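Peer 1: Between the sequences and the hints, there should be enough to build the whole structure, so can you do that?
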Amino acid sequence: MAVDRLYRQEGLTIGVLAGRLGLPEYRLRRAINRGLGYRNFNEYLNRHRLADAKQALADPGQAEVPILTIALDSGFQSLGPFNRAFKADTGMTPTEYRKAAEGRNRP
Numbered sequence: 001m002a003v004d005r006l007y008r009q010e011g012l013t014i015g016v017l018a019g020r021l022g023l024p025e026y027r028l029r030r031a032i033n034r035g036l037g038y039r040n041f042n043e044y045l046n047r048h049r050l051a052d053a054k055q056a057l058a059d060p061g062q063a064e065v066p067i068l069t070i071a072l073d074s075g076f077q078s079l080g081p082f083n084r085a086f087k088a089d090t091g092m093t094p095t096e097y098r099k100a101a102e103g104r105n106r107p
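In terms of this note's numbering, the sequence shown opens at residue 1 and continues consecutively.
Derived from the structure by calculation, the hints contain no laboratory data. Source: prediction; values computed, not measured. Glycine included, each C-beta is placed from N, C-alpha and C at the ideal position. One or more of the hints may lead you astray.
What the hints assert, rightly or not - Computed Cβ-Cβ distance ranges for the label pairs, DEER-style:
#1 ALA101 to TYR26: 18 to 26 Å
#2 PRO81 to ASP59: 34 to 42 Å
#3 ASP59 to LYS87: 18 to 26 Å
#4 GLU43 to LEU68: 16 to 24 Å
#5 MET92 to ARG20: 16 to 24 Å
#6 ARG34 to ARG8: 22 to 30 Å
#7 GLY80 to ALA51: 17 to 25 Å
Peer 2: In structure tokens, the structure reads:
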């Protein structure tokens with residue numbers, strides 16, 4: 001998932017991922033839920049997408065890239081779900097996160 005960045009793929013479902021991995025869907029679901037501890041496939045995907053977005057938002061080289069572009073590049077389909085997931089994960093908005101990262105990146 002992390003190497004190929006499959007979480008960025010539009011329309012990725014657990015069935016599609018299971019097919020790519022050559023696994024029955026129920027085994028992949030069990031691995032994600034029981035083995036990795038995620039509630040469901042969407043939570044698993046969003047964890048990867050949010051990590052990607054946080055890295056981009058903290059990158060000084062991407063300071064001028066719009067947050068919508070970062071959200072879409074990370075695999076989210078629109079800004080609303082991205083903002084909600086981001087705030088639930090970090091406790092701050094993407095804009096607040098970017099500003100805080102800018103402060104950490106200054107010498």
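Peer 1: Run the structure past the numbered hints and jot down the numbers of the failing ones, going up.
Peer 2: 1, 2 and 5
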